[in-house]
Amino acid sequence: KAGVTQTPRYLIKTRGQQVTLSCSPISGHRSVSWYQQTPGQGLQFLFEYFSETQRNKGNFPGRFSGRQFSNSRSEMNVSTLELGDSALYLCASRDRGIGTDTQYFGPGTRLTVL
Amino acid sequence: AQSVTQPDIHITVSEGASLELRCNYSYGATPYLFWYVQSPGQGLQLLLKYFSGDTLVQGIKGFEAEFKRSQSSFNLRKPSVHWSDAAEYFCAVGARSGGGADGLTFGKGTHLIIQP
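Chains as they are written, first to last, in the working numbering: chain A, -14 to 99; chain B, 4 to 119.
FYI, nobody ran anything at the bench for these hints, they're computed from the structure. Please read all numbers here as calculations on a predicted model, not as lab measurements. Among the hints, a few may not be true.
Below are the DSBU-like pairs computed for lysine-lysine, each with C-alpha atoms no more than 35 Å apart in a straight line [stated by the list, open to error]:
#, chain 1, residue 1, chain 2, residue 2
1, B, 71, A, 42
2, A, -2, B, 111
3, B, 71, B, 111
4, B, 52, A, 42
5, A, -2, B, 71
6, A, 42, B, 64
Turn these sequences into a full structure, and let the hints steer you where they fit.
In structure tokens:
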């Protein structure tokens, strides 16, 4: 099976702009999670989508949002970008089943906010 | 709330030597436990996972980890490291939430340096 794909791999934006990141999970996986990775805060959970519904959300402001489409592809959006939003954004394809729950990560999107 | 502690920020090991990376977790019950590895500029690759059963789990690239409930630990080991093992290693805990949807909680990571 193909792995998790994320586009674009790199983005440069300026403060105040908005950005949309895309993630395609592993075929057959219906759950997608998003994480932010920064040197200071490490890896932090943003939110998860399952069957087009947000199931859970981490401790991030409302500027961070997402959605999932019927083919399980997911997008996350960050509005009114701040310098502190510069990070590696990782998408994880989640394999849930009886006695198993594993997340497989994509290569990430490196966002730089100037 | 769950938490993960990786006490060692950096570890330097000679090539061919054994390796142990420490991980301690805090969780009210038995969690799901994971080790991931990240090379520079890359995403996270799953090394191994523990859900239940045998407390010694085998993973990819010759890694293994042992779940010790009494010590709330899940240390990662490898008998002989290779230069290609140099990377950042993350321990993570996931909640057994049944039908819930919870994110993973990660440790801060351990940076592994391999000396020739």
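The hints, checked one at a time:
Between the alpha carbons of residue 71 of chain B and residue 42 of chain A the distance comes to roughly 30 Å, so the proposed pair stays at or under 35 Å and holds. A distance of roughly 27 Å separates the Cα atoms of residue -2 of chain A and residue 111 of chain B; the hinted pair therefore holds under the 35 Å criterion. Only pairs whose Cα atoms come within 35 Å are accepted, and residue 71 of chain B paired with residue 111 of chain B is accepted, the gap being roughly 20 Å. Restraint check for residue 52 of chain B and residue 42 of chain A: the C-alpha separation of about 24 Å stays at or below 35 Å, so the hint holds.
Between residue -2 of chain A and residue 71 of chain B the CA atoms are separated by roughly 45 Å; this puts the pair beyond 35 Å, and the hint is violated. Note on residue 42 of chain A and residue 64 of chain B: the hinted pairing holds, with a Cα-Cα distance of about 33 Å set against a maximum of 35 Å.
Of the numbered hints stated above, the single one contradicted by the structure is hint 5.
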